[in-house]
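2 protein chains.
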Amino acid sequence: MTATRSVLAAQATDFPRWFQDVISKAELADNGPVRGTMVVRPYGYGIWELLQEAMNRRIKATGAQNAYFPLLIPESYLQREAEHVEGFSPELAVVTHAGGKQLEEPAVIRPTSETVVGEYLAKWIQSYRDLPLLLNQWANVVRWELRPRLFLRTTEFLWQEGHTAHASAEDARAFATKILYDVYRQVMVDVLAIPVVVGRKTRRERFAGAVNTMTLEAMTGDGKALQMGTSHELGQNFARAFDIGYLSSEGRRELAWTTSWGSSTRMVGGLIMVHGDDNGLRVPPAVAPVQVVVLAVKDEAITAAHAIADELTAEGLRVTVDDRADQPFGRRAVNWELKGVPIRIEVGPRDLAANNATVVRRLRDSAKTAVNLTELTAHVVNAIEADQTHLLAEATARQTARITTVSTVDEAVDAAATGWARIPYDAVGEQGEDRLGESGITVRCLQRPDGGLPVEDNEPDLTAYVARSY
Amino acid sequence: MTATRSVLAAQATDFPRWFQDVISKAELADNGPVRGTMVVRPYGYGIWELLQEAMNRRIKATGAQNAYFPLLIPESYLQREAEHVEGFSPELAVVTHAGGKQLEEPAVIRPTSETVVGEYLAKWIQSYRDLPLLLNQWANVVRWELRPRLFLRTTEFLWQEGHTAHASAEDARAFATKILYDVYRQVMVDVLAIPVVVGRKTRRERFAGAVNTMTLEAMTGDGKALQMGTSHELGQNFARAFDIGYLSSEGRRELAWTTSWGSSTRMVGGLIMVHGDDNGLRVPPAVAPVQVVVLAVKDEAITAAHAIADELTAEGLRVTVDDRADQPFGRRAVNWELKGVPIRIEVGPRDLAANNATVVRRLRDSAKTAVNLTELTAHVVNAIEADQTHLLAEATARQTARITTVSTVDEAVDAAATGWARIPYDAVGEQGEDRLGESGITVRCLQRPDGGLPVEDNEPDLTAYVARSY
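As given, the protein sequences belong to chains A and B, one line each in that order. Taking this note's numbering, I'd label the letters of the first sequence as residues 1 to 470. Taking this note's numbering, I'd label the letters of the second sequence as residues 1 to 470.
It should be emphasised that the hints constitute simulated quantities derived from the structure, not laboratory data. Any given hint could be a false lead.
Note that identical chains are pooled: a pair holds if it fits in a single copy or bridges any two copies.
[Unchecked claim] No farther apart than 30 Å at their CA atoms in a straight line, the calculated lysine-lysine pairs in the DSBU-like style are these:
no.: 1; residue 1: LYS60; residue 2: LYS101
no.: 2; residue 1: LYS60; residue 2: LYS298
no.: 3; residue 1: LYS368; residue 2: LYS60
no.: 4; residue 1: LYS368; residue 2: LYS101
no.: 5; residue 1: LYS178; residue 2: LYS123
no.: 6; residue 1: LYS178; residue 2: LYS101
Hey, can you work out the whole structure from these sequences and the hints?
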C-alpha cells in the first residue's frame, strides 16, 4: 500500500472534508463559477456516462421512450398545482430578460418537469388507446440550494426524469413500483454495488404534488443516509391541474393517473461516499471508466505494458496504459489509487525477467499478487468480476452492522449518532418526527413487516428507518 | 403508393409549410410553451439519439473526452472577449432572480461555452505535458431567436460543443480540421446520407471570437443552404482573455491556442429538409428508430407478422410490429409512410397463402415487391443497406444538378433563386457580399481550386459557394 493519507482528510476525522478532497484530487469535479454549480471533469463524467447507459437500458426495457422538454417553463405553469408551486418556489431560478428585453411573463428554469410535461400529455392523450404513455428525459435542472455540496446537492444537476400517464391508479402504482425495483434498485445494487433500503416516504418527506413517494436509501461511509432515487405516484393531482384526460373504452371522459421518477448525478456522490476509503475513491468495475491501468515502472517495460493492455482490451475491458516512465513511480501509483481504478498492473524489468506482472487490487485493500504473464488476462477478468461482488458484500455488511433496532425515539436518536435506527413507526408518529427533526434526524422511509412497500400512510405495524442524512 | 398529399403542404408550393407539417404529422416535435422553444417527441428524439451515438463514437475516437460545464455563466465572463460578447449579447437569456432573491451578478444561460470552459482550461493546464487538452460536452444552449423554426433555429437547442487547447497554431488547426472531416463530414455523409460542401467562412460569417470558421453546408430540397456544423480556430483570443497559459518544454510561459466546434439538433432539421418528399419524412436507415415496420393487414396475419419481426430483430435490425388490425389498413400505411420508415412489410392472409409478404421501400418511391418468406430476411437486410446508399446518391445528384457555375454577382443572384451558385471569390469580395445580402443571399463558404480549405482570408483563386439559406 502506498501512503496517500497526506493528501486527503481522514474519513474518521472529517468525512465531509474527505469527500471534498477526493472529488478534487481524483479530478472528478470542480465548483462552477456561479455559486452551487459544478463542473464535471472527464473522469467524473466517465463514471456518469456508464451509469447513465446502465440506467437508460433498463428504463427502455420498461417500454418508456426518451423525449426532450424545454428548459424554460412559464411561471404560470407551476402555479397550477398548489403543493407543487409551494414546494419549489423557494428554489427557482427565474429568467426575466432575454434578447435584450424584459419578458412579458418570466420563465423559470425547470426544477423538475411535471408541469410542462403535463401540458403536453394533455395534448397527446386522447383515448384509452394512448395509455399508458411512458416518457423519460435526460436533462439538467436547476434548484437554488442554500447549502450546496458537489454531486449531492448542486444548484444545477444532471438527471433522468420519467413521466407516465395511466388509465388507473393501480396501473400507475404498478409502474412507479416497477421503476423503483426493476430499474433503480437493479442499477444501484448490480451496477453501483450499493445496497439500498427501499420504502415509502412519510407525508412530510413526500415530493411536492405527489400522493406517494417511494425512495431508495443508501448508507454512507459515515453512517448517514443518502436518498439515491425516488418514484412518485402523483394520483390525479397533475391530471386535474393540466386536464390530462382520455376517452375510456366505454366512451366516458376520465382523468388519467400520472407518475414521475428521478435519479441524478447525486448517485455519483453516493458511489464516492459508500465505497471510498482513506486512500481515495474506489470505483465499482461496472462503472469504472478505467477498469485496469497498466503501469510501466521503467522505460524498458513500456512495450510489454502496451502488449498486456492490448490483450485485456481485446477481452472487452476498459484499459489505460501509464507509460510516463520519466515520472516518479510512487506518485503515479498513488494517483491511480486515488482515482480508485479497480486493478493496477505494475510491470517492471524485474517482473518481466520472471515473466510476471504485479496485480494490485484496489477493492481488496490493494492486495498485491505476482501473476505469470500467461495467466494474467484470465486472472484480471476473474478479479474484476469478483471485486464487483466483493464491494457490494462489503457495503452490505457495513449497512447491516450499523442499523440498530430500537423501540423508542430516544434510542433512535442515540443510534443515529453513528448509524441508522429501525423503529416501529407507531413509536414515532408525526410528533416523533418533530422530535427527531430537532436532532437533525429524519424518517428515511417506511416498510411493512415483510420489508415490502406500504400503500397507505396509516398501515399498522410499519417499520421506520431513521437517520441523519446528506 | 398511398395518397398522403392531403395532410401535408406540397413541397413545390410551400416548402417551409411542408417542413412544419411533416414535423407535426410525423410526431417529431411540437412548439414549446415559451416562444421559440421545442418539445422533441419520442420519434424525433429517437433519431437524435442514434445520430448522437454515431457522433459521440467518432468524437471519442479523436481522443476527446466528454465533460460537463454549468448552464449558468456569470455575465462578466462573456465580456472578457470583445467580439464574442458583441456577437452573443443580443441573444442572451438572463437569470436575474434565484432562490427568491435578486442575484448580485446576473447569470446568463450559456449560448455556447467558450468563456466558462476557458476559465477552467486556464486552471487545469499547467505545462506542455497537459496539451493538447481535448474536451467535448453534450448540452443544451439558449439563444433568443427572432425568427425561430423547429429544429433549425430554436431558442433552446441540444448540441455537442467541443473545446480544445493546443501548444501551437498548427496543432490547433489540424485538430479543428480533423473534426470537420473525420467526425462531422463522416457522420453527415455516412450516417445521415447528406452530401456537404466543406469550406471556410468569410470574415463576416465567422463565429464571434474566432480567427477562422470552417463549415459544412447541405442543400435542402428547395435548393437553399443549411449550415450543418462548424469548427473554429480561436487563435489565442480566448487564451488571452482567460489566461490559458502553459510552461513550454524550454521552461517558457506561453499562451495556448484553442478551438471549438459544434453540431446540433439542427442536423435533424437537415435530415428532414434534404430527404423528405411530398409523402412525408424519409429517414436514412442508419438513424431510423424504426428501420422496418411489419404491418399485419388483418387479425389472421398477426402471428406471422410477429414471427417475421422476430427474425429481423435477430439480424440486428430495429423493427416494430403494427398489429392494430382493428384500424383501417390504409391509414396505418400512410402513417408509416409519413414517418419515413425505410421498409414496410405488409402481411395479409392472401400474402400468407402464397407464402409471401409485400415489401414496400419508402426510399425507392415506395416500390412494392412480393417476396417469398424464406428469402424475406436476406431481402430486407440487403434493401436497408442499398437504400442508405441510394439516399445519399439521390441527394448528391440533386446537389450537383442545382449548383450553377457563374462568373458575376448578378448571375449568382439569378442562380440562387433555385439553387446554389459557384463563383470566383475575386468576382465577389466584401462589396459583392453586401450586394448578395440585399437579395437575401450569403457566401456559404470558400474553397481552394482543388476543393481544399483555404488557410488565409485572402488567398487567390478561391471559389465561393453562394445561396439563400435557412
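Hints, verified against the model:
1. LYS60 <-> LYS101: Intra 41 Å, inter 40 Å, cutoff 30 Å: neither.
2. LYS60 <-> LYS298: between (47 Å within a copy, 29 Å between copies)
3. LYS368 <-> LYS60: neither (41 Å within a copy, 33 Å between copies)
4. LYS368 <-> LYS101: neither (64 Å within a copy, 55 Å between copies)
5. LYS178 <-> LYS123: within (26 Å within a copy, 44 Å between copies)
6. LYS178 <-> LYS101: neither (46 Å within a copy, 40 Å between copies)
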